[in-house]
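**Student:** The listed protein sequences correspond, in order, to chains A and B.
Mapping to the working numbering: the first sequence position 418 is 418, numbers consecutive.
Mapping to the working numbering: the second sequence position 53 is 597, numbers consecutive.
Hint data in this document are derived by calculation from the structure and do not stem from the laboratory.
Certain hints may be false.
Distance condition first, Cα-Cα at most 20 Å in a straight line; then the derived PhoX-like pairs of lysine-lysine [claimed, not checked]: (1) B:K600 - B:K635; (2) B:K549 - A:K464; (3) B:K635 - B:K652; (4) A:K476 - B:K847; (5) B:K758 - B:K584; (6) B:K769 - B:K758.
Predicted model only: the values in this text are computed from it and were never measured.
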Amino acid sequence: MKGSLRNRLLVALAVALTALYGVIGLPTSLQDIYDHLEEKVTLGLDLKGGVHLILQVQVQEALRAEADRTIRRLQDELGDLPVPLTPDSITRNNPETIEQADDIMITVEGVPAERASDFRNTVEQYFPNWLPSSRSSAVWELRMRPSSLALLKNDTVTQTIATVENRVNSLGLTEPTIQQHGRADAEYEVLVQLPGLSDPARVMQILSMTAQLEIQEVLDATPYPDIDSARAAHNGVMPPNSELRLHQRPAVGGAENEWYVLNAVPVITGSDLRNAVPGRNPEDQTWEARFVLSPEAGSRFGDYTGANVGNLLAVVLDDRIKSVAEIRSRITDQGSISGLSGQQEAQDLALVLRAGSLPASVEYLEERTVGASLGADSIRQGVRSALLGLALVVFSMLVYYRRAGINAVLALMLNLLILLAMLSYFSFTLTLPGIAGIILTIGMAVDANVLIFERIREELRAGKGVVGALNAGFAKAFLTLIDTNLTTIIAAAFLFLFGRGPVQGFAVTLAIGLVANLFTSVFVSRLIFDFALAGKKQVKELSI
Amino acid sequence: MQLLKETNIDFIGRRKYFLGLSLLLIVAGGVSLFLKGGPKFGIDFKGGTLVYVKFKDEPRLDEIREALTGEGLNVATLQPFEEGPDNHELKIDLDLTEEEALESGQDKIVATLRRLYGSEESKLDFNNVGLETLSDRVVSNPKIAESALTTEEITEEVRALLAFRDQAPQSGLVRDFSLLTSIEGVNPDIISALEEETYLGAFAIRGGGYVGPKIGKELQWQAIKATLFALGGMLVYIAFRFEWIYGVAAVAAVFHDVLITLGFFSLFNREIELTVVAAFLTLVGYSMNDTIVIFDRVRENRKLTRRQPLASLLNLSVNQTLARTVLTSGLTLMAVLCLFVFGGEVLRSFSFALVVGVLIGTYSSVFVASPILLWWQGRAVAVGGQSRRK
Chain A
1 MKGSLRNRLL VALAVALTAL YGVIGLPTSL QDIYDHLEEK VTLGLDLKGG VHLILQVQVQ
61 EALRAEADRT IRRLQDELGD LPVPLTPDSI TRNNPETIEQ ADDIMITVEG VPAERASDFR
121 NTVEQYFPNW LPSSRSSAVW ELRMRPSSLA LLKNDTVTQT IATVENRVNS LGLTEPTIQQ
181 HGRADAEYEV LVQLPGLSDP ARVMQILSMT AQLEIQEVLD ATPYPDIDSA RAAHNGVMPP
241 NSELRLHQRP AVGGAENEWY VLNAVPVITG SDLRNAVPGR NPEDQTWEAR FVLSPEAGSR
301 FGDYTGANVG NLLAVVLDDR IKSVAEIRSR ITDQGSISGL SGQQEAQDLA LVLRAGSLPA
361 SVEYLEERTV GASLGADSIR QGVRSALLGL ALVVFSMLVY YRRAGINAVL ALMLNLLILL
421 AMLSYFSFTL TLPGIAGIIL TIGMAVDANV LIFERIREEL RAGKGVVGAL NAGFAKAFLT
481 LIDTNLTTII AAAFLFLFGR GPVQGFAVTL AIGLVANLFT SVFVSRLIFD FALAGKKQVK
541 ELSI
Chain B
545 MQLLKETNID FIGRRKYFLG LSLLLIVAGG VSLFLKGGPK FGIDFKGGTL VYVKFKDEPR
605 LDEIREALTG EGLNVATLQP FEEGPDNHEL KIDLDLTEEE ALESGQDKIV ATLRRLYGSE
665 ESKLDFNNVG LETLSDRVVS NPKIAESALT TEEITEEVRA LLAFRDQAPQ SGLVRDFSLL
725 TSIEGVNPDI ISALEEETYL GAFAIRGGGY VGPKIGKELQ WQAIKATLFA LGGMLVYIAF
785 RFEWIYGVAA VAAVFHDVLI TLGFFSLFNR EIELTVVAAF LTLVGYSMND TIVIFDRVRE
845 NRKLTRRQPL ASLLNLSVNQ TLARTVLTSG LTLMAVLCLF VFGGEVLRSF SFALVVGVLI
905 GTYSSVFVAS PILLWWQGRA VAVGGQSRRK
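Here chain B stands alone, though its shape is the one from the complex (with noise of 0.2 Å):
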């Protein structure tokens, strides 16, 4: 099978076509950057108080809201978002404020969710405990306490208890005892004992954090740091391997991928979270990689036609690696979309990254990287002439 045979398009005598879509991308993004007051941070970077809260019902938006400022917090996000049917939960983010002690944030956010929500005093919530205190409590149940089951046999059966409890179906909410009941071997009288001595909560904390101001300012600096080292190692190598300029085209083109798809974050409204770094550095190395697979083409075409322009030579190596780079790219989205649509929410921003980063890091590779070289060497000539006629 084979899609693209032998290709003659003149990509490098349209290039002020591109030149033109590649200043829309960045202005748009520019724009929104600027009108948005900067990128949007996750609580990696920025700070702050981040908790996942899983609800059994869909979760009454402008109440919580409402509840949380009224408790003083001030909530940058709340976002709802539903993984299957049945399945809502929430994504609670607040920034940080002066005096906000790490404890104090998430434990206001929990306290206010159960005054909304309901809780019943002196039972613990089966849904959001751990579980040295579950077996803690269930130990000291009157009626376990009778029985002849030890300690460790307890905590056993408390694990396995809360080990069904964060399987998927439930991943972390069960809505019913009667459930439980159902796991295979498990002592009818702790399943008793849990009845009196826990309720189920009508949400469920799945995870979450807190980042002081100096972390995120350090994480920030550091991922900027590492990128610029690799974006130098890159640009070194290929300067040694080709030629200096075709290192400046590459990082260039690479830099260009960066902004623009920073630029779709902010229009998206999407954040950018630790693990978005590391996307990032996945599209610099894809992108780069693309590009010097045209470069080495147009290296090795050098040496076979050393008559021709560079823009016809530019042009042929584009479209002999054409078929290569459809097919690479396409499959490489390909796999990149599955995550994105099917990799659940943690991993959303991520995929969104790499989504982006794909189709840019393709499309500058050859409309970006590959008129660089044609501009310095115009320059060059450019020079050169002048200098002779002096």
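Extracted from the complex, chain A is given alone in its bound form (with noise of 0.2 Å):
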């Protein structure tokens, strides 16, 4: 029985230096604890203040586009045949949101029927993601593959979360979450989470850039103050590969708006660049993001603008012109964005430059905000209450139970410190709802405590002796705290599986509590009361 016990106490002991030491480290000072308490125990941003978003990236954009260059491919080849051939007319259908991604569809008109194979080999050869069907003898369709489909949507959120990622840390926030968020195959979100930061709209308007930047050529030196009247210009007939865009130009009382007729071939994309900085035009002083080319782009741009003196060209970012400008000479590797509103944009512009673009424009679904001050008073209310709590609990106990009121407090301290420690070796994350598992674990510990009390003291009443009282007590409360325990762990474990987020927060920090709890009410309380009652002969009385 001696030995026994000691080797109980050296694993009550064991269990519980481990335990302080993930909390509190190997301390020299007092500093020392705080230091590795806050850097072990991982808060929450609804703790520790900070920005929570969840982006949904719009991949049937990605798809429009995807099949956008497939009909300018198409066209090529099947220009190339030894027999050429040009079919009326090939149009994309338009699907607008996410859950009509799928029906992307390229219509080819006035395909003859004596060509129908070559059209059908071409396809087959040069466009193996496409699957071609013919509606009626002229008339053919193509639709993207399930396994096209599916790989390219997911390029597209990996693509997405990788310049997200460049962004954040072009903007020198520490320790950001980035990652998919939600079913990869249906919802194509991703979640973005930065501690610390207090101002969001700046970084929501940074990360939701799309920045695609392209450098187009100006087919028609004329502005239209409308679409309509751009048509009219070209009597209907616009030329061919060619596109309108605005022009908001800055004039005295608001914009005024000019379209442009713009090559729809860029003759620079946003990937020819290699740098971006902001500046500040020498002649005017307003600000501007100025770029550098790649040198294969910067040769190409020097022979385009070669070629081309005197002609315009415009910068087009996300499909609106930012500025217009003539040629005066031949440019090679460098240009700038002007018509900035200010110091900002152009700071802003230039790091989403050189981070890159998003493949396909992104939308909020969601956002938080927790101001440092906010989590600071979160923590502070929050855990000084609970403390209070715990001081009024563990008063409550010792004037109750008098020396077993002991055991029943340095078990739930145990609890708590095994809690801790276990949160900070797995590196669990704790937010304000594992604050109430918390709660309930501390509820559930003094429970088993008193449950145990409660029965000891049933078995002195009922005549037994101080020996045979404990070891009724315990066993019979045992049994109980086996059911109250493991219902609730089964509980926790349905709650860590198909609950998300604040849910599983929760889960985690009482199931852990309530194993700790098993522990601690069972094997180490028991442990106490043996250890007071070891090298006495006859024990009469029992302090409860």
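Both chains are given apart, each in its own frame, so use the hints to dock them into the complex.
**Tutor:** Now the structure itself:
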């Protein structure tokens, strides 16, 4: 009995020390304890402040762009056939929402019946992602293969995450979390958590900027006040491969709308950029974003501008014209985007141009900001009131159960220590709902001891001796404890599996706390009783 | 010390009164829910925009409401609360309108408040500025640009100033620049640059958020799904350890608790936020724990005294565990009340659910779960009797 008591004591001490080490490390000063605690127990955004964002990638846009590229290549390939084939029209449908994304389809009209096999062979040879089917003798439909759809959408999300990561890093934000969120095959969501950030508006704008830069040739130097007058000026027939883009030119009393006819095939795109920095225009001191082109794009741009001196070029950002300028001389490797509102816009634009464009636009589904001051208040008030509650509970236990109360309090403290240590060893994040889990754990830890002690008192009242009453009390309460704790642990397991975010945070602390509870109430509390009684031959009274 | 010695109260015999009380509570909550058109969800579940603002002086509610509505914002709640003296806070909650994008909701609130409370053109609001923006601004201040300070040093100083702003007792709102000079080791040049570049706004945005309609629905459904699975798991375990009717009775009691707590939320006009889900889960766990303690005793007593009718067996078990029930509930209630009173506004709905939950959870174990067992046995006997007669 004595040997077993020593062994049990060693087990309890080992657990307590391991837990203590996990929580406070090997401190040499009070400050050390505090630092270690802060480093080891990760606090959720709701407690330490920060911004939590969920953005949704509009994958249908990437599919539409892919269809557009396919249409252009298809025209080329069909034209390059030994006997060139020029269908009447090649168009695509326009899926507007994520749910409709998979409906993407290219329709080819006017393929003569005798050229059907040529057409089919071309598609199968050069466009393995697309499945051709003939709707009637002259009309073909191309749909994307399911596997290609999935791959392309997945790539779009992955690329978005990489770009968002780049931008967050360029902003110098520390410890960000950026990851896929929700169901990968249907939701296309990205979770972004930025601890410590308290001013979300600017960052949100930077992250959601698509930043697709294109430098395009202006085909018609006249700006038109609206689309209709532009069409009318060309008698309703726009030049081939052209598109109309809006320029909002700053003017007295608001912006003035100017529509330009541009060549749809850009001279330079965002991927040709090597660097971008904010700067001031030496002439009028307005802010601009200056960029440097890669060598390959630079020589291409040099050839183009050399051949087109006197013509106009438009800088287009996310389908809006930012500025229109005349080519005065050959430009090889640099340019600038002017027409910006100020320093901030120039800085932000240079940053996103450096970090790369998004393959599709993103929409914010959710944003939560906890300011640093609010997080600090939540912690202070939450911890302070929890400690007060704990102190009251401890005091009552000591008054009510006297010596045995000390057992209960020691067991409770060890329980909390183990809980904190587990959080720190497995680097779980402590959130507000997690604190709720801790409160339930405290409740159940107190309950475990009350159950045991009341049972022992009952046995004492029934006339049993101290040792007999202890044995019977622990044995009988043990079954109850197993049932109550296991039931709740099962519930916590389900909550962890099926819940998300806050529900999971609750489940983690609760499950750990309850397992620790079984150990402390049954094993440790009993051990302390035995330890106190050991060595005394005849025990007549128990302080309970 | 001992509060309760051996008691012998006839709980089960009075079950009709308690059934009446339960019904009354459920009906009261149900009527309130019906009149108010269902539970009052926070933005987490219904979607919308939420902003916590702290004011220097008491906010002028009517004026703010009028101005926000004038901006076309759909104001759902405008709830002032005070944490301590001279600390005026306001929770503004907007319902989703169709075309409302998330930036616009929060931006409009801030712009409207700026208009009401004044701002200084071309200066930053020190009480509402982030680290990056403020340090960029201080770096470009002409005097600072001439000084020997590096950008990193300036950023560190600004970080310290903002940390001071966010600490208690300022808690996000600095009332006077002279307070900043009291911070140790801050360069006076930076403070004078701050006075040139910033002003002290009359309010501070402390936090908030936007939840789109899709996420709201999803969160609602997920919370319900997780809870139902958890309840199912508990039912199966109890059915396995006891008898299946024990599981049903325990789950029914928990359901009763959730219903009544929902009713209380409606009666007291409290919003159901995301954290409240955690509180509901806590109450489910707590009530279940309480019920099992009593059932466990019933199981034990049944082995000892096989002859005793179930009603007196239940009474005996409830009385035997009464001391424990009172003590545990009392202690837990005490801890939870501390949280409710001193835990702050962010935790208020959460701790409200816990206070109601502990009270109702304890009550239901004694007065709801046990009578269900009795009712089931009565039915079983009646059915058995009939079949024998045939």
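**Student:** Would you mind confirming whether the straight-line C-alpha gap from K635 (chain B) to K652 (chain B) stays at or under 20 Å?
**Tutor:** Holds - the C-alpha atoms of K652 (chain B) and K635 (chain B) are around 15 Å apart, at most 20 Å.
**Student:** Between K758 (chain B) and K584 (chain B), is the straight-line Cα distance small enough, at 20 Å or below?
**Tutor:** Given that 20 Å is the threshold and the Cα spacing comes to 18 Å, the pair holds.
**Student:** Is the straight-line distance between the alpha-carbon of K769 (chain B) and that of K758 (chain B) 20 Å or less?
**Tutor:** Given that 20 Å is the threshold and the Cα spacing comes to 17 Å, the pair holds.
**Student:** Are the Cα atoms of K476 (chain A) and K847 (chain B) separated by 20 Å or less?
**Tutor:** 13 Å, holds
**Student:** Given the hinted pair K600 (chain B) and K635 (chain B), is their alpha-carbon gap at most 20 Å?
**Tutor:** Distance ~15 Å between K600 (chain B) and K635 (chain B) Cα, so the pair holds.
**Student:** Going straight from one Cα to the other, do K549 (chain B) and K464 (chain A) come out at no more than 20 Å?
**Tutor:** 17 Å, holds
No hint from the list above goes unmet by this structure.
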